[in-house]
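All chains, please: the whole structure from these sequences, using the hints.
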Amino acid sequence: MIRLNNTWSYLPFALLIILFASCEKDAVEPQVEKAITFEGLKARMPQNYNENILSLSLEDLKSQYTSLKGSTNSKSSAEEIDVSMDEMASIISVIMKKYPDTDELTATDVARVQEDFNGISKQEIHENIDAITDFYDPVLRYELVNALAAFQPQRNSGARTSDYFGYDISAAEAWALIWHPRLIKPTRDATEKAKAFTSEYFPGQGAWRTKADAFRHGIWNALLAKYVGDKKNKISKCTDWAKTFTDKHEEAAVKMPDVTDAEFRLDKDMDYHNNKIGRDYFSSVAWVDKRKWYQTAVVKSPSDDTMADAIFARTNSARKVTTKAQMDSFPNNLVYLF
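Residue numbers (this note's numbering): 1 to 338.
I should point out that these hints are in silico values taken from the structure, not numbers from a laboratory. Worth double-checking, as some hints may not be accurate.
To be verified - Below 25 Å or equal to it, Euclidean Cα-Cα: the simulated PhoX-like pairs (lysine-lysine) are:
#  : residue 1 : residue 2
1  : Lys290    : Lys248
2  : Lys243    : Lys255
3  : Lys62     : Lys122
4  : Lys122    : Lys193
5  : Lys324    : Lys243
6  : Lys195    : Lys62
7  : Lys234    : Lys193
8  : Lys42     : Lys98
9  : Lys122    : Lys98
10 : Lys234    : Lys255
11 : Lys234    : Lys300
12 : Lys237    : Lys195
13 : Lys42     : Lys69
14 : Lys62     : Lys234
15 : Lys290    : Lys234
16 : Lys34     : Lys122
17 : Lys234    : Lys324
18 : Lys193    : Lys300
19 : Lys185    : Lys290
20 : Lys276    : Lys243
21 : Lys276    : Lys234
22 : Lys290    : Lys62
23 : Lys300    : Lys276
24 : Lys268    : Lys237
25 : Lys243    : Lys122
26 : Lys195    : Lys320
27 : Lys243    : Lys185
28 : Lys320    : Lys276
29 : Lys234    : Lys268
30 : Lys62     : Lys193
31 : Lys98     : Lys185
32 : Lys234    : Lys320
33 : Lys300    : Lys290
34 : Lys248    : Lys237
35 : Lys243    : Lys300
36 : Lys185    : Lys234
37 : Lys268    : Lys255
Structure representation (structure tokens):
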């Protein structure tokens, strides 16, 4: 789908100063370190954090953001969140350095986990890695929301860092990313790679309703699933995220003035269809890898180039359609309108 956007340039490190600005206006009362039991494990909360943040819902986080940011134009600030994927990726990368990377534990990470979980053994860490990740993720979300509330873009409001298929992330997409903070960078990287492949395979061609558009959505979904593979232990979890994020993308699309309602619906149906083709392809070529007993299982797949070649080959059998019924009759083919 198409949405207009302005591009801009900025100093990439300027936005990171917000992480050292105050997050003092916390919705959760700060306190000293406290021992708790989390999913059967003895743990301690990070200093100045109350265990209540571990149970904050998405709506709670939106309320936290709104209370810190304030409201304008009679809309909730949570609905007007103004941040690009590049900006969000830069912010979360700084926050994540403060906590263990449970996807790829280093010796330093292991030591921090053991400190936070009452001297837990390395084998116990391996056996409880999902619970340990579930402990740190709410803290990442909470700090990210506070940082975003303090964030002041070094640009005109509404202008974003990249054109992200014609526009940048909607509020729905932003909150999906906030809820999955470890997936922000791989999602950004997969999106940029999909754009690059589309330009490479279809140079100078318009990527709206065409074979180029079909390819772009197919490879985007395949790469989204692939790039989160190091953070997932099941193929279905990779494709679930690709569907979740791209569905948010389609739901946020805005109809252009010169497009009829029927054309708009058909355009969206085309995108949903081609998104699924990309995910189905990924599922057919991915595998779960676990080389040693103490390593976390991860999802692997062919190289980016191999996957792009495979999706591009499917454009040779792509079907031109004019109705949703025609699309549904080609469940295994990419489809396009023009």
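Ascending list of hint numbers which this structure does not respect
Violated: hints 1, 3, 4, 6, 10, 13, 14, 17, 22, 25, 29, 30 and 32.
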